Amino acid sequence: MVRAALVGGILANLLLALGTAFLLGGLRHHDQHFNPAAARAYSTMMFLALVSLAVPSAFSRYFAPEGTIRQEQLLNIGIAGLLLLAYGLYLFFSLRTHPGAFASVEGEGEAHHEGKRWGLPRAVGSLLGASVAAAWMSEILVGAAEGTGKALGMSDVFIGIVFLAVVSRAAASGSAIAMARKNKVALAVGISLGSCIQIALFIAPVLVFSSYLIAPQTLDLAFGRAEIGSLFIAVLIGALVCGDGQANWFRGVQLIAVYAIIALMFYLMPELTHK
Amino acid sequence: MVRAALVGGILANLLLALGTAFLLGGLRHHDQHFNPAAARAYSTMMFLALVSLAVPSAFSRYFAPEGTIRQEQLLNIGIAGLLLLAYGLYLFFSLRTHPGAFASVEGEGEAHHEGKRWGLPRAVGSLLGASVAAAWMSEILVGAAEGTGKALGMSDVFIGIVFLAVVSRAAASGSAIAMARKNKVALAVGISLGSCIQIALFIAPVLVFSSYLIAPQTLDLAFGRAEIGSLFIAVLIGALVCGDGQANWFRGVQLIAVYAIIALMFYLMPELTHK
Amino acid sequence: MVRAALVGGILANLLLALGTAFLLGGLRHHDQHFNPAAARAYSTMMFLALVSLAVPSAFSRYFAPEGTIRQEQLLNIGIAGLLLLAYGLYLFFSLRTHPGAFASVEGEGEAHHEGKRWGLPRAVGSLLGASVAAAWMSEILVGAAEGTGKALGMSDVFIGIVFLAVVSRAAASGSAIAMARKNKVALAVGISLGSCIQIALFIAPVLVFSSYLIAPQTLDLAFGRAEIGSLFIAVLIGALVCGDGQANWFRGVQLIAVYAIIALMFYLMPELTHK
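Protein chains in written order, with the numbering used here: chain A, 1 to 275; chain B, 1001 to 1275; chain C, 2001 to 2275.
In isolation and in its complexed conformation, chain A is listed as follows (with noise of 0.2 Å):
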C-alpha cells in the first residue's frame, strides 16, 4: 500500500498534474515556453529515481530467489543512502551554485520555484516538515481512501496508485494549474516534477530508513512489473515532452492519454497476480 502510494505520487505528478497544466495552460495561451535546461536536468533525476526503484525491484525478482534476505536488504539500505546524498548534493546545485538553470526563460525575474528564493537551511527545513506532513496526512487518507475504495469495489493497488494519488495530490496539483493558465508554465514545470523528484529521491529513502528502524517489517524497494513499467513509461514520455523547453494543449494530451491507459491497466489488473 505504502509502495502503492508512492508510485501513484509520482505518476499522478508527472503524467496528470502536468498534463491538465500544460492542457489548461495551452487552451488559454496556445504556446509556452519554459527553460529545457531546467526541464533536462528534472528529467535526469526522474532517470535516476527510477534506476534506484528498479534496480532492487530487479534484484528481487530475478536474482533473489532462495534465502538472500541479507544481500536484498543491504541493496537497499545502500541505495536509500545514495539517493538521500544525490537529493542532498541537488538542493546544494539548485540552491546554491547553479541557481540559474532552473531560472524561468521568461526573464521577468522572478523565481520559478518557491525553494528558489529560499536559503538552504530554511529549504532544508520546510523539507523535513512537509515529509512529516505528507506521512500524517498519507495515513489519514489511506485509511478513509481504503474503506471508500472498499466499498466500490476496488483492487488495493489501484486505490493506491490512481485513486489515493488524485486525492491526496489535489493541493499540489492545483497550483500547478493554476500557475500554467496564469502563463507561469515553468512554475508548473517545476511544481509537478520537483514533487516527483521529492517523492522518489527523499520521501521513499527516508521510509525505508525508517521502516528498519522503527517498523514492525521491512519497507524494500521492491516494485511489481506493472508499477516500474508505468513509471519508466512517465519518465520517458516526460522527458520526450519536456525536453525542448515548449508547452502546447496537445502535448497535455498526451500526458493525459498515457496516463489513462495505465490507469486502466491498473483497474482491470486482477488482484491477486500484481506482482
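These are computed hints drawn from the structure, not numbers from a lab.
A couple of the hints might just be wrong.
Here are the simulated distance ranges between beta carbons [what the hints assert, rightly or not]: (1) B:L1027 x A:G81: 47 to 55 Å; (2) A:L213 x C:F2232: 31 to 39 Å; (3) C:H2033 x B:P1036: 13 to 21 Å.
Some chain A residues judged to face chain B by a derived CB distance under 7 Å, without partners named [what the hints assert, rightly or not]: (4) R225; (5) L240; (6) V241; (7) D244; (8) F250; (9) V253; (10) Q254; (11) A257; (12) V258; (13) A260; (14) I261; (15) L264; (16) M265; (17) L268.
Since this is a predicted model, take the numbers as computed values, not measurements.
The beta-carbon is built from N, C-alpha and C at its ideal position, and this holds for glycine as well.
For this one, chain A is given, so just place chains B and C on it according to the hints.
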C-alpha cells in the same frame, strides 16, 4: 498475421523508409535540416502508440493468466477508444490550432505534409478512404505473400513483419525517398512518421473495434515480446535520430542497421516460440 | 568473464569516467559546453550497440529454448558482421565526409579526437594495434584480477564488470578527466564515448569472429538480464545527460550515482543466478 503486419508496417516506415531517405538524401545533399519540434511531436505520438500496444501485451502476458478474458477485452476496447480520441485530437492539433508546428524549416512556405493543405473534412474523408483501400490491399497481399513466402521457407511472423511490410509499403516509401533526394527531407520525415502514427493510432484501433463487431474472432492488442521489443527499439532510436532536426547519410545507415538486426532476428526466430 | 569485461568496460567509460570528468571539470570551470550534435551521434551509436547486444541476448533467453543452436550462431555472426560494417562506415563518416560534425564548439579549431588528425589508413592501423594490445593486456589482467578478487571474496561477474573495468580503464579515464579539468570537455566526451563505441562495435564483433575461427569454444553475444539492463540504463542516462551539450558538476554526480547503484547490484548479486 494481422498483428505482424501492423508491427511490420510501423518498423518498415520508421526504420527502413526513413533510413533509406536519410541515406540517399544525405549522399546527394550532405546535410539536411527539418523542424525538430515536428520530429519531437511525431516521436511523442509514436511513444504514446507504443505504450498503448505494450500495456495490453504485458497485461495479457503477466497479469491475466487465469480466466480474466473480460478484463482483457475491456482494456483493449478502452485503449482503442483512447487512441481514436487521441488521433482525432492530433488531426485537430496539426490542421487547426498549430499548423505551424509542422511547418518545414526551409521557409519556402510550402506545406511539408499533404494533409496540411486540406481542410478537416477532406482529411477525415481521405483517411477513411485510405484505410478501406489499405485493408483491401492487405487482404490481397496477405494471400499472395503467404504463398510466395511459404514456398521460400519463411515463417508466418517473418512474412508478416518483414516481407509483407516491405512489399506493401513500397509506394509510400518510394515517395519519402524521392522527397529526401529532392532535399525536401522534412516532407520525407512527415510521410514516414505520419504513416507510422496512422497505423498505430488509427488503423490498429479501428481493426480492434471492427473485430468486436463483425469478425469471427476478436483481435486483441496482445503482441509478443519480440514485436514489442522491436517497436520499443525502433521508437527510441527514431526519437534519438530525429530529435534535433538534422539528417545525414550516416543516420540513415544507423536506422537501416537496426532494421537489419531486427529483420535477421525475425528471420531466424523459430516459428513455434514467437509468443 | 570476457562478456563481463566487455560490459564493464562500457559502463566504466560511459558512467564512471565521464561522470568523474564532468564532476571535476565542473568544480573548476562551473559550466562547460560541448557539441550537442557530436554527443547525439555518439548516443545513437551507443544505442545501436545496445540493440546489437540485446537482440541476441533476448533471442537466446526467450526464443531459442530447444536445439536451435545453428540459428543462434547465424544471428551472432550476422550481427557481428553488421556491427563491423557500421563501425567502418562510422570511421568513414567521422574522418572523411563529416569531420566537422565532431568538431568542438569552442571553435579553437583543434581536433577533439585523436583520430581526427589521422588519415584513414593510420586510423585503421592504430585500431588493429590497439585491439591486439587490449586483448593481450586483458589476458594478463584477467589472470591477475581473478586471483586478487577471489581472495577478497568477489564473484566472477563482479570482478569482470566492476573491478577489472576500473583497473584496465584507468589510463583512458585519466586522460578524459585531465582534459575536462583543462576545460576541454568535448575532448573528454569524445574519449569516453569513443572508447565505449570502440568496445561495442569493434572489439565485441572481432572477438565473436575470432572465437568462431580459433577459440576452443564460441563466444556468443548472449548477456544476462542484469548486464543488458545495466547497459540500457547507462545508454539512456548518457543520452539524457549529454544530449544538450552542457556539463556541470551535478551531471557528473548523477552519472556516478547510477554507476554506484549498478556496481552495488553486481556486488550483491548471488553468483549462481547471474543468468
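- Message: Please check whether H2033 (chain C) and P1036 (chain B) have a Cβ separation lying inside 13 to 21 Å.
- Response: The hint (13 to 21 Å, Cβ to Cβ) holds, given that H2033 (chain C) and P1036 (chain B) are roughly 19 Å apart.
- Within 47 to 55 Å or not, the Cβ separation of L1027 (chain B) and G81 (chain A)? Taking Cβ atoms as reference, L1027 (chain B) and G81 (chain A) lie about 53 Å apart, which means the hint holds.
- Task: Under 7 Å, Cβ to Cβ, is where L264 (chain A) needs to be relative to chain B, so tell me if that hint holds or is violated.
- Result: holds (5 Å)
- Task: Go through the hint on V241 (chain A) and say holds or violated, using the shortest Cβ distance to chain B against 7 Å.
- Result: Since chain B brings a Cβ to about 6 Å from V241 (chain A), closer than 7 Å, the hint holds.
- Could you check if V258 (chain A) really has its C-beta closer than 7 Å to a C-beta on chain B? holds (6 Å)
- State, for the Cβ atoms of L213 (chain A) and F2232 (chain C), whether the hinted interval 31 to 39 Å holds or is violated. holds (34 Å)
- So, R225 (chain A) near chain B? Judge it on the closest CB pair being under 7 Å. Since the shortest Cβ distance to chain B is 6 Å, the answer is holds.
- Query: Against chain B, is L240 (chain A) within 7 Å by beta-carbon distance?
  - Reply: For L240 (chain A), the interface hint holds, since the closest Cβ of chain B sits about 5 Å away, which is under 7 Å.
- Task: Verify the interface restraint on Q254 (chain A): the C-beta must sit less than 7 Å from at least one C-beta of chain B.
- Result: Given a least distance of 5 Å, the restraint on Q254 (chain A) holds.
- Item | Interface hint for M265 (chain A), Cβ within 7 Å of any Cβ on chain B | holds (5 Å)
- Hey, does the D244 (chain A) contact hint survive, CB to chain B under 7 Å? holds (6 Å)
- Given L268 (chain A) was flagged as interface, is its beta-carbon under 7 Å from a beta-carbon of chain B? Since the shortest Cβ distance to chain B is 4 Å, the answer is holds.
Violated hints for the displayed structure: none, as all numbered hints are satisfied.
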